[in-house]
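*Asks:* What follows is each chain in one-letter form.
There are 2 protein chains.
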Amino acid sequence: MSITGKQLINGEWVEGKGGQYQGVNPATGQSIEPALTYADGEQVKAAAAAAKAAAPVFAATSLKERGAFLERCSDEIMALGDDLLERLMAETGYPRARVEGERGRTCGQLKLFASTIQNGEYLDARIDLAMPERQPLPRPDIRFYKQPIGPVVVFGASNFPLAFSVAGGDTASALAAGCPVIVKGHNSHPGSGELVAQALAKAVKACGLPAGTFSFVTGPGRDVGAALVTAPEVKAVGFTGSMAGGMALFNLANQRPEPIPVFAEMGSVNPVVVLPQALKANAAAIAEGFVGSLTLGVGQFCVNPGLVLGIKGAELDAFMDSASAKLAQVPAGVMLNEGIASSYGKGAEHLAGQQGVVVAAKGQQQEGNGFCGQAQLLKVDAKDFIANAQLQEEVFGPSSVVVQCQDAAELLAAVACLKGQLSGTLQANADELRDYPELLTLLQEKVGRLVFNNFPTGVEVCHAMMHGGPFPAATDARFTSVGTKAIDRFVRPICFQNYPQALLPAALLDNNPWGISRWVNGERSNGVIGG
Amino acid sequence: MSITGKQLINGEWVEGKGGQYQGVNPATGQSIEPALTYADGEQVKAAAAAAKAAAPVFAATSLKERGAFLERCSDEIMALGDDLLERLMAETGYPRARVEGERGRTCGQLKLFASTIQNGEYLDARIDLAMPERQPLPRPDIRFYKQPIGPVVVFGASNFPLAFSVAGGDTASALAAGCPVIVKGHNSHPGSGELVAQALAKAVKACGLPAGTFSFVTGPGRDVGAALVTAPEVKAVGFTGSMAGGMALFNLANQRPEPIPVFAEMGSVNPVVVLPQALKANAAAIAEGFVGSLTLGVGQFCVNPGLVLGIKGAELDAFMDSASAKLAQVPAGVMLNEGIASSYGKGAEHLAGQQGVVVAAKGQQQEGNGFCGQAQLLKVDAKDFIANAQLQEEVFGPSSVVVQCQDAAELLAAVACLKGQLSGTLQANADELRDYPELLTLLQEKVGRLVFNNFPTGVEVCHAMMHGGPFPAATDARFTSVGTKAIDRFVRPICFQNYPQALLPAALLDNNPWGISRWVNGERSNGVIGG
Chain G
1 MSITGKQLIN GEWVEGKGGQ YQGVNPATGQ SIEPALTYAD GEQVKAAAAA AKAAAPVFAA
61 TSLKERGAFL ERCSDEIMAL GDDLLERLMA ETGYPRARVE GERGRTCGQL KLFASTIQNG
121 EYLDARIDLA MPERQPLPRP DIRFYKQPIG PVVVFGASNF PLAFSVAGGD TASALAAGCP
181 VIVKGHNSHP GSGELVAQAL AKAVKACGLP AGTFSFVTGP GRDVGAALVT APEVKAVGFT
241 GSMAGGMALF NLANQRPEPI PVFAEMGSVN PVVVLPQALK ANAAAIAEGF VGSLTLGVGQ
301 FCVNPGLVLG IKGAELDAFM DSASAKLAQV PAGVMLNEGI ASSYGKGAEH LAGQQGVVVA
361 AKGQQQEGNG FCGQAQLLKV DAKDFIANAQ LQEEVFGPSS VVVQCQDAAE LLAAVACLKG
421 QLSGTLQANA DELRDYPELL TLLQEKVGRL VFNNFPTGVE VCHAMMHGGP FPAATDARFT
481 SVGTKAIDRF VRPICFQNYP QALLPAALLD NNPWGISRWV NGERSNGVIG G
Chain R
1 MSITGKQLIN GEWVEGKGGQ YQGVNPATGQ SIEPALTYAD GEQVKAAAAA AKAAAPVFAA
61 TSLKERGAFL ERCSDEIMAL GDDLLERLMA ETGYPRARVE GERGRTCGQL KLFASTIQNG
121 EYLDARIDLA MPERQPLPRP DIRFYKQPIG PVVVFGASNF PLAFSVAGGD TASALAAGCP
181 VIVKGHNSHP GSGELVAQAL AKAVKACGLP AGTFSFVTGP GRDVGAALVT APEVKAVGFT
241 GSMAGGMALF NLANQRPEPI PVFAEMGSVN PVVVLPQALK ANAAAIAEGF VGSLTLGVGQ
301 FCVNPGLVLG IKGAELDAFM DSASAKLAQV PAGVMLNEGI ASSYGKGAEH LAGQQGVVVA
361 AKGQQQEGNG FCGQAQLLKV DAKDFIANAQ LQEEVFGPSS VVVQCQDAAE LLAAVACLKG
421 QLSGTLQANA DELRDYPELL TLLQEKVGRL VFNNFPTGVE VCHAMMHGGP FPAATDARFT
481 SVGTKAIDRF VRPICFQNYP QALLPAALLD NNPWGISRWV NGERSNGVIG G
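Chains as they are written, first to last, in full-length UniProt numbering: chain G, 1 to 531; chain R, 1 to 531.
Some hints here could point you the wrong way.
Note that the list lumps identical chains together, so a pair holds whenever it fits in one copy or between two copies.
Below, simulated SDA-like cross-link-like pairs (lysine to any residue); rule was C-alpha separation at most 25 Å, straight line [stated by the list, open to error]:
hint	residue 1	residue 2
1	K280	A248
2	K52	N388
3	K64	E438
4	K52	A408
5	K280	P500
6	K52	A389
7	K362	E349
8	K6	P500
9	K312	G120
10	K111	A90
The hints are simulated quantities; they were obtained by calculation from the structure and are not laboratory data.
Throw the hints in and build the complete structure from the sequences for me.
*Replies:* As structure tokens, then:
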């Protein structure tokens, strides 16, 4: 496959009419051939119209057909072979093991959705049978399930150029739900993005799906992105990225004549609470795990632990000493692009300059060219942390602030002032938690995922994952963007009253042709009705 | 029980500091004793603080405890006896059968939630067990369930002064989810609202729940309502009412530093499509059913059929003749309050004055005093309807517009231009639907509930009900406000990674103490883990 720099609109690859650009290798700062195009507003409209046209046809596919399509998407991505991996390494600075692992995760995600939807659980089918004799009024027959919400726009994330981009979790869950997808590719990995889009386009064609089932456009967020979110055909948006980007889309979507949901996964500092008994037993190991989690992938994870909260004393000092020593050995790593590296540098400096903040350790300085990030560990007293909300702002990269509290009460006060988070981690001896009765409850109010004696990086793609959380971690705390529950974002309920069998969707037929589990008169049943 | 005109804040009944007002009997226009008070901003803050304090304690109650509380709420409402019914009749103009029926629905709803939550289904519990040996990385133990979202503000609806007000569907579902509730009482039924609040306050006390579990405040929407929605402790809002009111709350909530979900059920004209073969067989019966549905309760239902779409011809003429004759006999009925009657009068006149609109029939004129509404049936050609979005605006009351289409293609074009709706109704012979292959698909995109050879009024409270729909029917099409699924609005997921048994919530313990159905490693199970 070769990279053309074109847009995929209604099944056709066309030159973008919105200008040209090129990919950049962040390890060298050099442009990568070939030149690529941006879509213009008319092309965005065409993609939205194609998605709308595809929506009812794609929605009407069976679970088996949709599963086969997702499998095919995975196969076509694998068939890209080294072309994909090499372009990806050039565009991201990620090592081969990382891009191979991420490809595995991406294809695994597609296959997991392919198999999971077969049980029909996400359809949430419910049937309340008629009671014609009921007094004072008969009860009609009412049948409920969840149908695809309509065309979905997905914004690729910079840091997971496969697993959260063109064919990543948002796309996989929207397609699994039966929604056409328009991806706005990320400028940070445009060539590899196009290759994956080519794979999906082949899968769409091979499975005989409507051309508008999947489209791929590129361009600046403020015009192409805005045009996508405001297109009337679009019914939901998935986004992973910065607070500024997510909120811009959220506000645009809410100001539409028809507001639509935006699932933006944005800022989180992922607090790690380290308690004294745990540190007493394991300060060095906890420090090592923490620094590993903080600096993994040059800190470019949304669940990067950007905040540590502990109680002053010998135990916390031991942790700080170990963590500082470990961090000092960490080389400056290549970040995803110039903008991210520059923002990280400014953000890290801004944090270090806040009232009461002291630099505890710095990682190694950059050598050579490329857009690199130097790790840093800061410390601050809890009173300064509590007084300054800026210390809670996400700095995307390998920087973390240790908040030193006088005692358990001040630790609680610091946790109480936290904003919403993707994750919250406890490093604790289970017994010592009795001394902090409110801590767990408080943390539970703030986060989407609680981690015990583990670290937040490494988000498992599974049935029980919740990757999301109270604002500003995400714009809608009621949904996850990772794991099989992510499909719930892209369906909406409809019910059918007194509908004839001939007109009902398969999921709600008396004879239960898909053999799915349904609630019938409030009881769970895999059976047929009246059989 | 006597009506005091006070506010219920943190378990105490206190004089409101925001001014005084009185209830009004809409059948006579006369004020009703005694004088009542409004809350002020400080009192709203106190109610929000009390709800926040109650939240973790109430969230920690077992399903049994919460079920017993909901049952007790129902019992205490029944114990109000005739005091409640008589005050309600005076405040609403509703006949005794209606208020008794609505009390039955309200108490039935509370009991349905009490029993339904016992199966734990809404908790959506999922457990992915650890795989310590997995390569290349071990899988941690991850457990997921849905926890209460936090304090919820409920705005009582005018037209269901029991079933969608103080202890109505929003309150019942939020309490069932484990969320404290603050009700903003509706000015149209303030005394009966207070009586129900007294019943709930007794239930809170009797069940030993925190005082802030339930509060009741009154006051104008633009200050008390706005103060409730912007209180930082509040995490979600339930509203049933006008488009203007719902959108004001939606916009306020989205502009908060922490945006929160607003579940506003707003405007819908509930289109009824009448097809020729069905009319040929049953024009008179369909017309009778339609006029009954249109004028039931003086048209004051959110699923009132305000729009009919048919194809010109002898069949539609027969329907119009029958419907006009029936409607002409309908007496002008007492509406809920002066504002509603006045808005209805103006709205009905506005509709009748639109380009191409002809009055087909009017109901009987008002006799005597009171705030009454006169039914009307209008007709218009599809081309005028398609050109004029104002003909789709909800006029709350017994007015409906019949859209006359030239042919099937024009009918589809008229349906295609519809906005989102709570319901869509088909009066059709199942065979003739083959001539309208796109009609069902188009309708399905627009509505929350499809009704076949039935009428939209009479919303069943059951497991399979979807009462909601695409904007502007509701602000969030993914949730229902009627039926047991309404609880989903007030929970959010959280997951626990590598958590010790001693710290997990009951729903996720290995020994499954509540015996609920859970997804364990992707398989449904009612069993224990490792047992």
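*Asks:* Now look at each hint and say whether the structure bears it out.
*Replies:* Evaluated hints:
1. K280 with A248: For K280 and A248, the Cα distance exceeds 25 Å both inside one copy (45 Å) and across copies (54 Å).
2. K52 with N388: between (47 Å within a copy, 23 Å between copies)
3. K64 with E438: between (48 Å within a copy, 24 Å between copies)
4. K52 with A408: For K52 and A408, the Cα distance is within 25 Å only across copies (22 Å; inside one copy 56 Å).
5. K280 with P500: Close across copies (20 Å), not inside one copy (69 Å); limit 25 Å.
6. K52 with A389: Classified as between; 22 Å across copies, 43 Å inside a copy.
7. K362 with E349: within (12 Å within a copy, 74 Å between copies)
8. K6 with P500: Answer is neither; intra-copy 47 Å and inter-copy 52 Å both fail.
9. K312 with G120: neither (52 Å within a copy, 42 Å between copies)
10. K111 with A90: Neither: 27 Å inside a chain and 62 Å across chains, both beyond 25 Å.
In summary, the structure is inconsistent with hints 1, 8, 9, 10 from the numbered list given earlier, while agreeing with the others.
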